[in-house]
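Engineer: Sequence:
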Amino acid sequence: MSKEITARSEDYSKWYNDLVLKGGLADYSAVKGCMVIKPYGFALWEAMRDVLDGKFKETGHQNAYFPLFIPKSFLSKEAAHVEGFAKECAVVTHYRLKNDPGGAGVIVDPEARLEEELIVRPTSETIIWNTYKDWIQSYRDLPLLINQWANVVRWEMRTRLFLRTTEFLWQEGHTAHATSEEAVAETEQMLNVYADFAENYMAVPVVRGVKSPSERFAGAVETYCVEALMQDGKALQAGTSHFLGQNFAKAFDVQFSNKENKLDYVWATSWGVSTRLIGALIMVHSDDQGLVLPPKIAPLQVVIVPIYKGPDQKAGLDEKVNVIVAELRRAGIRVKYDDSDNNRPGWKFAEYEMKGVPVRIAIGARDLENNVAEVARRDTKEKMSLSLDGLPARIQELLGEIQQNLFDKAKAFRDNNITKADTFEEFQQILEEKGGFISAHWDGTAETEEKIKELTKATIRCIPLNNPQEAGTCVLTGKPSKERVLFAKAY
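89 is the number of the first residue of the sequence shown in this note's numbering; add one for each residue after it.
It should be emphasised that the hints constitute simulated quantities derived from the structure, not laboratory data. Hints may be right or wrong, so weigh each one.
EDC-like mimics (lysine to aspartate or glutamate), calculated; alpha carbons at most 16 Å apart, straight line [what the hints assert, rightly or not]:
| no. | residue 1 | residue 2 |
| --- | --- | --- |
| 1 | Lys508 | Glu521 |
| 2 | Lys424 | Glu407 |
| 3 | Lys436 | Glu462 |
| 4 | Lys545 | Glu535 |
| 5 | Lys408 | Glu457 |
| 6 | Lys110 | Asp375 |
| 7 | Lys322 | Glu521 |
| 8 | Lys160 | Glu171 |
| 9 | Lys322 | Asp503 |
Estimated spans, in silico, between C-beta atoms of each pair [unchecked claim]:
| no. | residue 1 | residue 2 | range |
| --- | --- | --- | --- |
| 10 | Lys539 | Gly420 | 52 to 62 Å |
| 11 | Asp188 | Asp429 | 46 to 56 Å |
| 12 | Glu199 | Asn280 | 45 to 55 Å |
| 13 | Lys347 | Glu199 | 47 to 57 Å |
| 14 | Gly560 | Glu521 | 14 to 24 Å |
| 15 | Ala578 | Glu203 | 35 to 45 Å |
| 16 | Lys120 | Trp435 | 27 to 37 Å |
| 17 | Glu203 | Thr94 | 44 to 54 Å |
| 18 | Ala534 | Leu156 | 32 to 42 Å |
| 19 | Lys539 | Leu156 | 33 to 43 Å |
| 20 | Ala200 | Glu146 | 38 to 48 Å |
| 21 | Glu521 | Val194 | 54 to 64 Å |
As the structure is a computational prediction, the values presented were derived from the model and not from experiment. From the three backbone atoms N, C-alpha and C, an ideal C-beta is built for every residue, glycine too.
Produce the entire structure from the sequences given, and follow the hints as far as they go.
Structural biologist: Right, dumping it as structure tokens:
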């Protein structure tokens, strides 16, 4: 099967698509720019979603659901917001079809035009803040901590499975607070939730930072982000958390009576991650043989493949393996016993390697006699013979070792690909020959940021949090700078 996968070194983009399609994660849709998430891919999303949902609830948030459709006038109320999303909006203009009098199927009924067009949500700030106006009256109603799991639509011209599609799945948190300090603390807290999830569950090291003013979310006062580095040296934004100030509260007149019985506008945040995290996961860990998935969020952590001749050997294996499966499941391990007779063991080995299952156990009649099994790690390809006695505990340890190894390997790659540049010639050379994050001084102007992007296609990914102050000169203009920022080409 690995022969069907394009090598990373040959064509990274095709390698990625091969893994998504042949790994059974997603497929193309009849709707241009959209995708079908297949059961294995959706199981991966569910595993990610369940962990994140638990973390949201641990931090006091509740789930709700808001309409898919947003009145067009709502987007007009916050100027920066509408400007940021206007070119990506899908617009509903009519509410009915009718049979074509000429017999050519159905047509839009021209008499069914909506009085006000509806926008298919690109994000939900406007519809949510219009609702919060009725929910918030007093400081006693605050903080309001709401999250929603939903789909959104942003009209894309160039799409890529998971990374950039017209419709995608995500979660979006929207919170309201009595003070600026509380809202900023919420914004930072959720950034840390995302960073913890990326590093401790996805095994993806991230840089925590803030976006430059030009890269902020439309309508935000400050955008915090976590940035990850892919194996091809490009960056990928793995989550954002926005301090919205009072912008949306003022736009939708969301006021509350404070403890001094005076009216004030609430302070807001929003934050989200999407199914593009699956794309990040693929590009950080996988290899030319297929997917490599971290055990904590792999849909299937262990697969057991029997090797036998004839029904008698099969029956003996089934009896023992079913006991092992029950023990593994009691230990909380997601395991599958693939005793199907549709394919030979070698085919199954390749299939589960392609799917990135962290641990494969092969067991035959002779193994049973010796009370051992052959165990193979997906991350290192290492094979070992383990005793069947105490196997669940050893597999649990092994899954932990794989999880840590994947993070350590990705972190070493990331750290080795953060390079300082002090001249624009160095900047261009690093970008061309090495890629990765470039740590360079910037004069703080949008004009310089845009010029660097125009010349190199690299953008400011973030200004790292707790960034050391360092006097220097801008890599492009030579003007004074107080700190380095991280540039990279990005998805």
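Engineer: With reference to the structure, classify each hint as holding or not holding.
Structural biologist: Right, here's what the structure says about each hint:
Of the pairs offered as hints, the one joining Lys508 and Glu521 holds, with about 14 Å between alpha carbons and a cut-off of 16 Å not exceeded. With a C-alpha separation of about 15 Å, the suggested pairing of Lys424 with Glu407 holds against the 16 Å cut-off. The hinted pair formed by Lys436 and Glu462 meets the criterion: a straight-line CA distance of about 15 Å does not exceed 16 Å. Using a Cα cut-off of 16 Å, the hinted pair Lys545 and Glu535 holds, with the two alpha carbons roughly 14 Å apart.
Of the pairs offered as hints, the one joining Lys408 and Glu457 holds, with about 11 Å between alpha carbons and a cut-off of 16 Å not exceeded. Taken as a hint, the Lys110 and Asp375 pair is honoured in the structure, with Cα atoms around 13 Å apart against an allowance of 16 Å. A C-alpha spacing of about 13 Å is found between Lys322 and Glu521, which places the hinted pair at or below 16 Å, so the restraint holds. Between the alpha carbons of Lys160 and Glu171 the distance comes to roughly 13 Å, so the proposed pair stays at or under 16 Å and holds.
Restraint check for Lys322 and Asp503: satisfied, since their Cα atoms lie roughly 14 Å apart, inside the 16 Å limit. Look at Lys539 against Gly420: about 53 Å separates their beta carbons, and that is inside 52 to 62 Å. One distance hint, 46 to 56 Å for the beta-carbon pair Asp188 and Asp429, holds here, with the actual separation near 53 Å. The hint said 45 to 55 Å for the Cβ distance between Glu199 and Asn280, and at roughly 54 Å that hint holds.
Here the CB-CB span from Lys347 to Glu199 is close to 54 Å, well matched to the stated 47 to 57 Å. Restraint check, Gly560 to Glu521: a C-beta distance of roughly 23 Å satisfies the suggested window 14 to 24 Å. In this structure the hint that Ala578 and Glu203 lie 35 to 45 Å apart at CB holds, the actual value being about 41 Å. About 35 Å separates the C-beta atoms of Lys120 and Trp435, a value consistent with the hinted range of 27 to 37 Å.
In this structure the hint that Glu203 and Thr94 lie 44 to 54 Å apart at CB holds, the actual value being about 51 Å. A beta carbon spacing of about 34 Å between Ala534 and Leu156 agrees with the range 32 to 42 Å that was offered as a hint. Our hint of 33 to 43 Å for Lys539 and Leu156 holds, since their Cβ atoms are close to 40 Å apart. The beta-carbon spacing between Ala200 and Glu146, approximately 47 Å, falls within the hinted interval of 38 to 48 Å.
A hinted range of 54 to 64 Å holds for the C-beta pair Glu521 and Val194, which are about 56 Å apart.
Of the numbered hints given earlier, the model fails none.
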